[in-house]
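Peer 1: So the chains spell out like this:
2 protein chains.
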Amino acid sequence: MKQGVIEHYRKYLPVTDKTPSLTLGEGDTPLVRCPKLEKELGVGELYFKLEGCNPTGSFKDRGMVMAVAKAIEDGFKAVVCASTGNTSASATAYAAASGLESIIIIPSGKIALGKLAQAIVYGAKIIQIKGNFDQALQIVFKLTEKHKVALVNSVNPYRIEGQKTAAFEIVDALGKAPDYLFIPVGNAGNITAYWKGFKEYHQLGKAASLPKMMGFQAEGAAPIVRGHAIAEPETLATAIRIGNPASWKKAEEARDESVGLIDMVSDAEIMAAYHKMASAGIFGEPASAAPLAGLIKRIKGGQDFSASQIVCVVTGNGLKDSDIAIKGAGGFSETEASLGAVEKVLGW
Amino acid sequence: MKQGVIEHYRKYLPVTDKTPSLTLGEGDTPLVRCPKLEKELGVGELYFKLEGCNPTGSFKDRGMVMAVAKAIEDGFKAVVCASTGNTSASATAYAAASGLESIIIIPSGKIALGKLAQAIVYGAKIIQIKGNFDQALQIVFKLTEKHKVALVNSVNPYRIEGQKTAAFEIVDALGKAPDYLFIPVGNAGNITAYWKGFKEYHQLGKAASLPKMMGFQAEGAAPIVRGHAIAEPETLATAIRIGNPASWKKAEEARDESVGLIDMVSDAEIMAAYHKMASAGIFGEPASAAPLAGLIKRIKGGQDFSASQIVCVVTGNGLKDSDIAIKGAGGFSETEASLGAVEKVLGW
Numbered sequence: 001m002k003q004g005v006i007e008h009y010r011k012y013l014p015v016t017d018k019t020p021s022l023t024l025g026e027g028d029t030p031l032v033r034c035p036k037l038e039k040e041l042g043v044g045e046l047y048f049k050l051e052g053c054n055p056t057g058s059f060k061d062r063g064m065v066m067a068v069a070k071a072i073e074d075g076f077k078a079v080v081c082a083s084t085g086n087t088s089a090s091a092t093a094y095a096a097a098s099g100l101e102s103i104i105i106i107p108s109g110k111i112a113l114g115k116l117a118q119a120i121v122y123g124a125k126i127i128q129i130k131g132n133f134d135q136a137l138q139i140v141f142k143l144t145e146k147h148k149v150a151l152v153n154s155v156n157p158y159r160i161e162g163q164k165t166a167a168f169e170i171v172d173a174l175g176k177a178p179d180y181l182f183i184p185v186g187n188a189g190n191i192t193a194y195w196k197g198f199k200e201y202h203q204l205g206k207a208a209s210l211p212k213m214m215g216f217q218a219e220g221a222a223p224i225v226r227g228h229a230i231a232e233p234e235t236l237a238t239a240i241r242i243g244n245p246a247s248w249k250k251a252e253e254a255r256d257e258s259v260g261l262i263d264m265v266s267d268a269e270i271m272a273a274y275h276k277m278a279s280a281g282i283f284g285e286p287a288s289a290a291p292l293a294g295l296i297k298r299i300k301g302g303q304d305f306s307a308s309q310i311v312c313v314v315t316g317n318g319l320k321d322s323d324i325a326i327k328g329a330g331g332f333s334e335t336e337a338s339l340g341a342v343e344k345v346l347g348w
Numbered sequence: 001m002k003q004g005v006i007e008h009y010r011k012y013l014p015v016t017d018k019t020p021s022l023t024l025g026e027g028d029t030p031l032v033r034c035p036k037l038e039k040e041l042g043v044g045e046l047y048f049k050l051e052g053c054n055p056t057g058s059f060k061d062r063g064m065v066m067a068v069a070k071a072i073e074d075g076f077k078a079v080v081c082a083s084t085g086n087t088s089a090s091a092t093a094y095a096a097a098s099g100l101e102s103i104i105i106i107p108s109g110k111i112a113l114g115k116l117a118q119a120i121v122y123g124a125k126i127i128q129i130k131g132n133f134d135q136a137l138q139i140v141f142k143l144t145e146k147h148k149v150a151l152v153n154s155v156n157p158y159r160i161e162g163q164k165t166a167a168f169e170i171v172d173a174l175g176k177a178p179d180y181l182f183i184p185v186g187n188a189g190n191i192t193a194y195w196k197g198f199k200e201y202h203q204l205g206k207a208a209s210l211p212k213m214m215g216f217q218a219e220g221a222a223p224i225v226r227g228h229a230i231a232e233p234e235t236l237a238t239a240i241r242i243g244n245p246a247s248w249k250k251a252e253e254a255r256d257e258s259v260g261l262i263d264m265v266s267d268a269e270i271m272a273a274y275h276k277m278a279s280a281g282i283f284g285e286p287a288s289a290a291p292l293a294g295l296i297k298r299i300k301g302g303q304d305f306s307a308s309q310i311v312c313v314v315t316g317n318g319l320k321d322s323d324i325a326i327k328g329a330g331g332f333s334e335t336e337a338s339l340g341a342v343e344k345v346l347g348w
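So the protein sequences, as listed, match chains A and B.
Reminder that position 33 of the first sequence reads as 33 in the UniProt record's numbering, one-by-one numbering, no gaps.
Reminder that position 80 of the second sequence reads as 80 in the UniProt record's numbering, one-by-one numbering, no gaps.
Isolated chain A, as found in the complex (with noise of 0.2 Å):
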């Protein structure tokens, strides 16, 4: 049986026996090898990590399993955050999960509902705030400083704990860690949390090598690469929309340690990977599409991955932003419902 990651890697993580044995079938996401990109870019082997395929659709499934059993273990019956994406349908699935209420605090401004929607459907208490996402967070801070209610922003770390286990995975998939691992940098905790499970595992023996560690902002939201904080930061992936990563020093030590990179990628160069990865039968967000932007952009450079064994992580489900794979798609004209009116528009 599926455990979740806390039975299957208990061991590794800050887990006791009075920690519950949460799950809502969490990780264990596939690593699917993709012969047709790996013979179109010149790349010896390339796999794509499914993490949409996680029960709430993203990664963050792996952190916030940990983050709200720990609050359980705490005797919290109460979580908040401060999210209008992946984060919020995440804690809010697992407090469901677990009996316990969810609190999401949201900035002002106009709030797709589609974005909430996994929020709202889980049953979230949703409070939107006449301010931005700086001070949904202090109010998050605050509320947890003065009442039984546990924090489970990116700032909880158990959160990284969890994710950490998708390195674990790798390595058990493939017998060792790629050489090259290709991430989507926002808030800079997934990169964090990749590079310890690998040098944990490598600690252990249980993997030889170290990879090097590829992150990619997108190019209107990429504070790490511009070496300042961005203000309004803007890309259409937005997952990665983040102007000041809680994780940024952790990132840099990951790119540094793993003597890797952390580069940016445009919104055109977003979608366009966003429509090879399908063309592949990889449906990401496009967020998502950031690795193999990135990956792409470094072999237009010049680099050589024909002998590299690359690993690309697909942070979430392109279901969860499908209205951006319609855009410029239109209609449909119509043709005769005969054999002969279709053949002719397949040209047969």
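FYI, nobody ran anything at the bench for these hints, they're computed from the structure.
Predicted, not measured: the structure shown is a model, and the values here were computed from it.
Hints may contain errors.
Since the list gives no way to pick out one identical chain from another, each pair is judged satisfied if it fits inside one copy or across any two copies.
[Said to hold, decoys possible] Taking lysine-lysine pairs in the BS3-like style, the calculated list, with each CA pair at most 27 Å apart, reads:
1. 142 with 344
2. 327 with 110
3. 327 with 115
4. 276 with 115
Fit chain B to the given chain A structure using the hints.
Peer 2: The following block gives chain B in isolation, referenced to the frame of chain A:
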């Protein structure tokens, strides 16, 4: 490594040395126990099989990987089907991964692009005809008779073969067959496939017993329950809006051989179950709530499941139809960006 259903269940499938090891990471989906609803409903053991965690978000991937792999083995360069939903998404994804062309024939009328978003992004050639679904299907049949293009609608026998692996996984996870399998019934291929899988494992000695098969149709699309085809089936559970199921007879066999039943539930019962599942952290498309709606109906009717082990099949990801999740949700009333204001909203 996750091998996909063809590699994992190779010896129980009609594959040869020439069948390609195609996979997008389908199968091995979570079987999640739900203590919250066990308690609320008075069920001994209640599990959800999360087929929405498949790579294109539905159970169709299990059968489609088989259908496309066999099409490749048989030398086809293109696949075709009539579908506006999960089948077209899955067919196009596996065709894309394999470098095959995919052709989707859709009926006339207003088709929501959202339902076709995956087929569009994976790169299907979509042709809309001036006719209904049956005419679309007839053209598909004629096309495949005349041209070298593989039919991957549910009459393709490999679809059932691939889908039966979900029953194998349940037995492998529980160590036995459950007492009851609750499942939505639309075109009836899935109940047919599960029953075939349970019977085969039973015959192989891998399961000592067989489950009772409990199928549920939507009231407005319940041909098997009513005993006649429905000309214009209607239900908001679009994935089971079928008036004349392809596997009608086989579904009745599964019901009768297992001493189970096929009953119907109203759209209101489906939506109540949909929200109850979500309140426990399980987000399926509306059709996927029909099994829980059926279970609740049986319990209300007096059936005792307090000592039973039950599996409900969640056939598709809730993100496939997230519009319905936010229906009636409205906007959010804003409050001041202060701790005090938020505490007031929370009643703290």
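Peer 1: Could you run down the list of hints and mark each one as holding or not?
Peer 2: Hint by hint, here is what the structure shows:
1. 142 with 344: between (66 Å within a copy, 14 Å between copies)
2. 327 with 110: both (20 Å within a copy, 17 Å between copies)
3. 327 with 115: both (17 Å within a copy, 14 Å between copies)
4. 276 with 115: both (24 Å within a copy, 21 Å between copies)
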